[in-house]
Structures are given as C-alpha cells and as structure tokens.
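Enquirer: Residue-level listing of the chains:
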Amino acid sequence: MGCAAFARALLELADDHLILGHRLSECCGHAPILEEDLAMPNLALDLIGRARELYSRAGEVEGLGRSEDEFAYLRSEREFLNCLLVERPNRDFAHIMLRQFYFSNFMELYWLRAADSRDATVRGAAAKSVNEMKYHIRHSGEWIVRLGDGTGESARRAAEAVGELQFYIDELFIPSASAEICFETGLLPDRRSMREEWDQRVERVFTMAKLDFPEPVPALTGGRTGRHDECLGHLLAEMQHLQRVYPGAEW
Amino acid sequence: MTDLMPIWEVFVRPRNGLAHKHVGSLHAGDEELALQAARDVYTRRNEGNSIWVVRSEHIAASDPDRAAENFQPSADKVYRHPTFYSVPDGVENL
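Protein sequence lines correspond, in order, to chains A and B. Note that my numbering gives residue 116 to position 130 of the first sequence, counting from 1, and the numbers run on in steps of one. Note that my numbering gives residue 83 to position 80 of the second sequence, counting from 1, and the numbers run on in steps of one.
For reference, chain A alone in the conformation it holds in the complex (with noise of 0.2 Å):
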C-alpha cells in the first residue's frame, strides 16, 4: 500500500509539471515578442525536466517497470492526475502568466518544505526545483504587476484572467488520499500547510499590480481522480500523436 500510494503521488506531482510544461511548450512560436519566447520555452523545458525525474522514480517505486515515456504517451486522459489548474489554455498572455504565478508559488513552498523527505530522489528534485520555482514567480510576478497595473486592456485581461482562474486555486492545496499517505510517513510535505503562506505571496504582488485578491470560491475539483476538463483530451491528443500513430517510435 504504501508503494501504491507513493508511486501515485509521484504521478500527481509528475503530471503537474508535463501538463504545465506542455502548455507553455504551445506558446512556442507565438509569444507575443521574441524575448518572451524564449523565456517561456525555458519555463517549460525546467517543468518537463522536473516530469522525467519524477516519473521515472514512480516508475521505479511502481515496480512495474513503466518508463516515464509510457507514463507520459501511453495513458488515456482518465489516468492523468494533475490539478485542473496546469491544464487550462492559454487564452491570453495575462492567464498564461498569472497560471504560472500561482502554480510556481505554490511548487517553491512545496519543494522548501520537501527538502527533508525521506526519499533521496525528492530531496534533490527539492533542491534544483527551488531556484527554478524563484525564477518562475519573478518572471510571471513581475509581468502580474505590469499587467495588472499598465494599460486600460492589460489590466483588465489581469483581471479576467483573475476571475477565471480562481477557481482552480483550491485543489492545489487539497492532498489526495495518496498524498495523505505520504505526508503522514514523511516521503512528501502536506499540501494544505502551503495555503497561508501562499496567500499572503500573492496578496503581496497583487497590491502591487492593483488586482482585487480572488475571493473564496466553490472550488472546481477532480484532477486527482482523472476528472479533467474537455481541453485536456485536446492536448493529449497533441502531446502524444506521434506515439500513438507510430507505436514505439524512437529518434
């Protein structure tokens, strides 16, 4: 049980950082000038860096000899675990960053908190992840507050986007039954111990960027059972065309 229940949080963990790094990976190309499009790629390639380590030790916690190219190609959209929050599109600029603000604020606490797991692997993902999580918040936190605090369009796409994607700021904190597990035997922190701190980070940037900070919200939830929104199939479809129409397929 207490593999099972570490190998799917891996998973949940895992599937945060591709789903997200993936989404970034679309705005390749089309980032609104050439500097951010490369930074934003760069955000991405840490996030799906951070996906291999962590399903590869799945996989090994899983003993079930799955590769984290079979995690990541060869599941139905039922069996990905992340948060609702990783997966939702890239309306805009502003909904792109704020995505990444709120997830790279809760992952920093995550892996400060993470750096005394008893699994060897957490401990160093823990330790390369912070310095990429505080690149991640300075990069979408200062474009918040420019945004939020620019021009008449800019701020209120800020605050759309605000409005759209609070209701997806709950689940991040809510630990699945396997996540409970693992925090009660010290493999991986507990999520709802982020939730003060958090607040307060986002507060902060949002007095600075003149946004209203969300208010509580019936929180949408489901990720961790496999309950995803229709726009998640649509990336998969995309993410994983090449293995599913050439099986195996190697370069």
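Note that these hints are calculated values from the structure, not bench results. C-beta: ideal position from N, C-alpha, C; glycine also. Any given hint could be a false lead.
A short, non-exhaustive set of chain A residues, derived as facing chain B with CB atoms under 8 Å [to be verified]: (1) I19; (2) E21; (3) L24; (4) A25; (5) N28; (6) H125; (7) E128; (8) R132.
Each pair of labels, with its calculated beta carbon distance range [to be verified]: (9) A:A113 - B:T86: 43 to 53 Å; (10) A:L60 - B:W55: 41 to 51 Å; (11) A:D55 - B:R48: 19 to 29 Å; (12) A:G(-12) - B:H25: 48 to 58 Å; (13) A:L20 - B:Q75: 37 to 47 Å; (14) A:S179 - B:D33: 34 to 44 Å; (15) A:Q229 - B:I10: 42 to 52 Å; (16) A:V231 - B:A63: 53 to 63 Å; (17) A:G15 - B:D33: 17 to 27 Å; (18) B:S59 - A:K196: 25 to 35 Å.
Starting from the known structure of chain A, fit chain B onto it as the hints suggest.
Expert: Structure of chain B alone, referenced to chain A:
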C-alpha cells in the same frame, strides 16, 4: 511599441575576473524585464554569471565619419606596443 519597449544593450561576464562583454540587444519595458529577458535570451547555455543591461540610447558612440582622425594617427606608432624588449627567462604570467 518602440516607446513602451525600447532597445537595451546586453553585457555578460563569462566568469569571475573577466570583463563584461557585449553580447547583443533586446527589447524590454524596463530594467527588471530587460535583465530577465537578457537572462533568458543570452545565458541559456551557461554563458555567464553576471549581466548588465543599458538603454541603447544612453550609449554615446564615436562618429564613424571621424574614424580617420580618431584612429589613423595611432596606426604608425608601433613603439607604443611593448614589444621592444626581451622577457627574462623564468618570468611567467607577463
């Protein structure tokens, strides 16, 4: 666009002890975003450990039309190069 996103020149120091070297330019709205863009555009392959950015318009440049009067007078003064003495044996790092 040009008003909101002026051009910045980027200088990167490859490692401690070396000088910052001009590597290129970019568009950015302000200093902080220029530094971030420089980090993402010019140090992705571990090119350095320090970045300077400066607004292009703040750089004063010599006039190309005056290149002759600026630089030709030094062309025939080879004695300004410290090459007319031999280095004693055993002197390293000169």
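Enquirer: Among the hints numbered above, which are violated by the structure, and what are their numbers in rising order?
Expert: none
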